[in-house]
Amino acid sequence: MTLQVLIVEDEAMVARRLRRLLVDILGADGVEIAHAPDLSTARRTLASAPDPDVLFLDLNLNGRDGFDLLSEAVSERFEIVVVSAHAERAIEAFEVGVLDFIAKPFSRDRLALALERLERRSAPERAVLRLAVRRHGRLQLVSVDEIVQIRGADDYAELCLADGSTLLHAKTLDALERLLKPRFHRVHRSTLVDLSRVEALLSEPGSRYFLRLEGGERIRVGRSKLPELRERLARGGLSS
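Residues 79 to 318 in this note's numbering are what the sequence shown lists, from first letter to last.
Worth flagging that the hints you see were computed from the coordinates, not collected in a lab. Heads up, some of the hints might be wrong.
As the list claims (entries may be wrong) - Computed Cβ-Cβ distance ranges for the label pairs, DEER-style:
1) Glu292 - Ala190: 22 to 32 Å
2) Gly293 - Arg213: 16 to 26 Å
3) Leu304 - Glu194: 40 to 50 Å
4) Gly105 - Glu224: 18 to 28 Å
5) Ala278 - Ala165: 20 to 30 Å
6) Gly300 - Asp223: 24 to 34 Å
7) Arg94 - Ala125: 39 to 49 Å
8) Leu304 - Asp146: 18 to 28 Å
9) Gly314 - Ser126: 29 to 39 Å
10) Glu306 - Arg121: 34 to 44 Å
11) Lys182 - Arg213: 29 to 39 Å
12) Glu194 - Arg298: 29 to 39 Å
13) Ala253 - Pro305: 34 to 44 Å
14) Gly314 - Asp187: 48 to 58 Å
Stated by the list, open to error - As a list, the in silico SDA-like pairs of lysine to any residue whose alpha-carbon atoms are at most 20 Å apart:
15) Lys182 - Arg198
16) Lys303 - Leu258
17) Lys259 - Ser274
18) Lys182 - His113
19) Lys303 - Leu246
20) Lys259 - Val220
21) Lys182 - Glu194
22) Lys303 - Val226
23) Lys259 - Val276
24) Lys303 - Val220
25) Lys303 - Glu282
26) Lys259 - Ala312
27) Lys182 - Leu193
28) Lys259 - Leu217
29) Lys259 - Glu282
30) Lys259 - Ala190
31) Lys259 - Pro305
32) Lys182 - Arg208
33) Lys182 - Val220
It should be emphasised that the depicted structure is a prediction, and the values quoted were computed from it without experimental measurement. Idealized CB from N, CA, C, for every residue including glycine.
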């Protein structure tokens, strides 16, 4: 399958090198690349064309902050790899859920590693602190600390917050599971739970199992998920 890429980079030489290396690594038939030299072009491209698989984003775009686009784009389904000389902003970028941060100047091998992470959809072990969602046409950053559980909703995911409200996220449950490990655990094919909120693992007749969360809410546990869940809870000092 051809990888759809959007490069957002104001330096033409860097954009050409990134394009050349992507073609070198993936093959001419393995990648289709679009380029936006500024934020306005990037926004128009994202609004008018099908979503890319991955966006390679610089953070300094003709004096404008690429983080403005990053904050908007992390709520979308595609993955984001930041390519920037501002390595001091890596932690900030990982906090909102980018797949990778490549410091300039970059090598072919470093770019290949980012593409491997894209294929596996496994980001480096850094804590995601916020998720971005669109609500009433506006972007809202939600602290991971506010999320109790996440439920699958077709191609989207439903964030269930501690205050009882729910928000719809454009990423799938599988994508959020990869992003939020190890704090959130898959306890059912359609449910992720913040294990820090678990009070007990309950067994009921008929080999049915439930998690009891803070406040008394019960979450059904899938049978296939039970062995790994028990192991995780035991490591955390909680037994059934």
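Tested hints:
Taking 22 to 32 Å as the suggested C-beta distance range, the pair Glu292 and Ala190 does not conform, at roughly 44 Å. Taken as a hint, the range 16 to 26 Å holds for the pair Gly293 and Arg213, whose Cβ atoms sit roughly 24 Å apart. In this structure the supplied range 40 to 50 Å is violated for Leu304 paired with Glu194, their Cβ-Cβ distance being about 32 Å. The supplied range of 18 to 28 Å is broken by Gly105 and Glu224, whose beta-carbon atoms lie about 43 Å from each other.
Between Ala278 and Ala165 the CB atoms are about 44 Å apart, so this pair departs from the stated range of 20 to 30 Å. At about 26 Å, the CB distance of Gly300 to Asp223 agrees with the hint of 24 to 34 Å. Between Arg94 and Ala125 the C-beta distance comes to about 25 Å, which lies outside the given range of 39 to 49 Å. As the Cβ distance of Leu304 to Asp146 is approximately 44 Å, the hint placing it in 18 to 28 Å is violated.
With their beta carbons about 47 Å apart, Gly314 and Ser126 fall outside the hinted range of 29 to 39 Å. For the pair Glu306 and Arg121, the supplied restraint of 34 to 44 Å holds, since their beta-carbon distance comes to about 42 Å. For Lys182 and Arg213, the Cβ-Cβ distance of about 34 Å falls inside the hinted range of 29 to 39 Å, so the restraint holds. In this structure, Glu194 and Arg298 meet the distance hint of 29 to 39 Å, their C-beta atoms being roughly 35 Å apart.
In this structure the hint that Ala253 and Pro305 lie 34 to 44 Å apart at CB is violated, the actual value being about 24 Å. For Gly314 and Asp187, the Cβ-Cβ distance of about 37 Å falls outside the hinted range of 48 to 58 Å, so the restraint is violated. For the proposed pair Lys182 and Arg198, the alpha carbon gap of about 23 Å is over 20 Å, so the pair is violated. Proposed proximity of Lys303 and Leu258 is supported: the alpha carbons are some 17 Å apart, at most 20 Å.
Restraint check for Lys259 and Ser274: satisfied, since their Cα atoms lie roughly 13 Å apart, inside the 20 Å limit. Of the supplied pair hints, the one linking Lys182 and His113 holds, its CA atoms being roughly 18 Å apart against a limit of 20 Å. A distance of roughly 24 Å separates the Cα atoms of Lys303 and Leu246; the hinted pair therefore is violated under the 20 Å criterion. Straight-line distance between C-alpha atoms of Lys259 and Val220 comes to about 17 Å, which keeps the hinted pair within the 20 Å bound.
Under the criterion of a C-alpha separation no larger than 20 Å, the hint pairing Lys182 with Glu194 is consistent with the structure, at around 19 Å. For a cut-off of 20 Å, the pair hint linking Lys303 to Val226 stands: about 18 Å separates their Cα positions. The hinted pair formed by Lys259 and Val276 meets the criterion: a straight-line CA distance of about 16 Å does not exceed 20 Å. Taken as a hint, the Lys303 and Val220 pair is broken in the structure, with Cα atoms around 27 Å apart against an allowance of 20 Å.
The hinted pair formed by Lys303 and Glu282 meets the criterion: a straight-line CA distance of about 16 Å does not exceed 20 Å. Taking the CA atoms of Lys259 and Ala312, the gap is about 17 Å. The hint holds against a cut of 20 Å. Between Lys182 and Leu193, the direct Cα distance comes to roughly 16 Å. Compliance with the 20 Å bound is thereby established for this hinted pair. Distance check on the hinted pair: Lys259 and Leu217 sit about 24 Å apart at the alpha-carbon level, beyond 20 Å; violated.
This hinted pair does not check out: Lys259 and Glu282 have alpha carbons roughly 28 Å apart, beyond 20 Å. Note on Lys259 and Ala190: the hinted pairing is violated, with a Cα-Cα distance of about 23 Å set against a maximum of 20 Å. For the hint linking Lys259 to Pro305, the alpha-carbon distance of about 17 Å falls within 20 Å, and the restraint holds. About 25 Å separates the Cα atoms of Lys182 and Arg208, which puts this hinted pair outside 20 Å; it is violated.
Proposed proximity of Lys182 and Val220 is contradicted: the alpha carbons are some 30 Å apart, above 20 Å.
Taken one by one, the earlier hints fail for this structure at numbers 1, 3, 4, 5, 7, 8, 9, 13, 14, 15, 19, 24, 28, 29, 30, 32, 33, listed in ascending order.
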